[in-house]
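Based on the sequences and whatever the hints tell you, model everything.
Under the UniProt record's numbering, think of the first position of the sequence shown as 1, with each following residue one higher.
Hints were generated in silico from the structure; no laboratory data involved. Because the structure is a prediction, the values reported are computed rather than measured. Keep in mind that the hints are not guaranteed to be accurate.
Claimed, not checked - With a straight-line cut-off of 20 Å between C-alpha atoms, the simulated EDC-like cross-links for lysine to aspartate or glutamate are:
hint, residue 1, residue 2
1, K676, E693
2, K440, E723
3, K316, E215
4, K700, E577
5, K184, D144
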Amino acid sequence: MSSRIKEMVRVATARLGGEPSPRAGPSQPGRAESSRTARLGGGGASLRRQPQPQAPTVRTIYCNDREANAPVAYKGNSVSTTKYSVLTFLPKGLFEQFRRVANLYFLMISILSTTPISPVHPVTNVVPLSLVLLVSLIKEAFEDWKRFQNDMSINNAHVDVLQGQKWESSPWKRLQVGDIVRIKQDSYFPADLLFLSSTNADGVCYIETANLDGETNLKIRKALEKTWDYVLPEKASEFKGEIQCEQPNNSLYTFTGNLIVDKQTIPISPNQILLRGCSLRNTEYIVAVVIFTGHETKVMMNSMNVPSKRSTLEKKLDKLILALFATLFTMCVIGAIGSGVFINEKYFYLGLRGRVEDQFNPKNRLVVTILTMFTLITLYSTIIPISLYVSIEMIKFIQCAQFINNDLNMYHAESNTPALARTSNLNEELGQVEYIFSDKTGTLTRNLMEFFKCSIGGEIYGTGITEIEKGGAERAGVRIDDDEDKRSATAVHEKGFNFDDTRIMRGAWRNEPNPEACMEFFRCLAICHTVLPEGEETPEKITYQAASPDEAALVAAAKNFGFFFYRRTPTTVMVRESHVDRMGSMQDVAYEILNVLEFNSTRKRQSVVCRFPNGKLVLYCKGADNVIYERLADGNYDIKKTSREHLEQFGSAGLRTLCLAYRDLSMDQYKSWNEKFVQAKSSLRDRDKKLDEVAELIEKDLVLIGCTAIEDKLQEGVPACIETLSAAGIKIWVLTGDKMETAINIAYG
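Quick look at the structure:
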């Protein structure tokens, strides 16, 4: 026991010193007993790990140990998207109703009708108003009840949770931070998870993020190599890691944390994080640890409370009712002033006896005017129809329930998904669209990328004509004959590759003036990526799984140019290369991948540091032209200028462009830089910023190889659709990250 106390003191001391400390390993006294007896929700050992005090910016999670996490009181996994609760329904619902001018007006009339100055019985105003409010509240309650039912179906969905040494089905709402779960194929992730292991080789799984970002292409996630073995429940029950990570936030594409297991600290990147709302694809099942639950998950932190939406029509009605009320008020003022002026005792025979003293007393004309004013307001109140809002509410409700939800023209047969109107408040807005803001890739275009042209060493290769070029020629009155029969015998058209140029196809690049540049170009395409190969290791049957279709297209291009990437391990990339020396000479080359500097929207580039079989160290980099050009070494001005012209030419043809470059590294340069890289990658604070700063140290003095041009064709019917929308007076804005020339010419296309 004394050794255990010493270990806890050492851990606390290390934490106070600011360095992450591993938990005691299985060989330490007392630890084996704790590991064997730790159970989810059940009894346990008398000796437990004590959670350490946490800094405000760091969350510490003990995997597979609910009792250790209990003192922190993490939020549960139950979520609610309803607008009201039992306690808030009446006050909040009435507040929403009295935001309407008409309801507020009739509330005032109902109050006046209960006073002695009212010429009508209170029932004539109170009952209609009560019915209006009742109908509106019932509609609100019905729509919120549907939200509640949807929440309940999600919260009560089941997932396999590790309990002891077996999987047991449990509702999502009972998940807790630190639980180990098993997610099966085509299932959704119940919380934000740390990916541990997969039934696929090399700890890989494929996910669909359409619910988060609308992207339909599958994304690749890869588990840490240290956790690949935790697939079976017997093995997973032995996992007792500790996660130190950032606090919950709404950033979908970043994550900072470390996994501490067996006295080893391993950095966690977004590549190991599975977010709630995504689904598992092409993978039998995966094992993962819950890190964020319920309303602390990233998708829920990005969602807003159900807003109180008011349509344009409703706002116009408020203005009309205010105008009617102004008219009514004017009439009442005129009538009240007339009553005060003309009231006289000589009209005693009319029997004017008010319910209020001095209501018709000629001796107090000011009181007569004021009281008559309120009387006339009550009397003329029917000028504003109380049934107006009820009629509109019922019409909109019937439109949703009977027409929109049952509209066959809005039914998507492929996914068996009908239209679903979650609220009827905005029906009329559907016909009043003035602006459309649209994404380009995957919306206007097919998101099917094809390698179409390239520039190597200042020379353009590729003879095809894009759709944008055809459209431009037609506008200019020039007819372009694009007969497929005229393509050369070396032309290849397959998924991701649509290229025709006899100068570099089928090994002909060896006869070009710059074969060494061609080889570096193809080698960069084959090495600088994060693509995973699947299937048989032959060019005809292999398939590539990539985070983006652009990457898959570039790797497919390398394959067709004779640099066939066919295998990836955690540390190597295998490429079957054809070399310069003689035609038909093939060689399997293993490149050791030392570091990967991943692409993101800020960096706009991706780099890998690799070691050749002969020990040579090379940095390959690909990215946006403006980013690459800023980091090129001095010299080679002719190639830079020529390549810049080629980039503009590709952009004018509507093609997506990337620049490729490389840099030779010495061992001393690499060792010095790698120390800083490892330190930045393990940092819990500002990790992304530190990694970017470290990347800047090595991504410089690059040598330009060339640039690629990829075509993403428009969806069928896009020009006709845009023309129809424009004819309807709708203004269309397209959001794109393309070069200006590309965006302009696609808009013309």
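Now the hints, each set against the structure:
1. K676 - E693: Holds - the C-alpha atoms of E693 and K676 are around 10 Å apart, at most 20 Å.
2. K440 - E723: Judged against 20 Å, a Cα distance of about 16 Å means the pair holds.
3. K316 - E215: violated (38 Å)
4. K700 - E577: Violated, at about 28 Å.
5. K184 - D144: Distance of about 31 Å is beyond 20 Å: violated.
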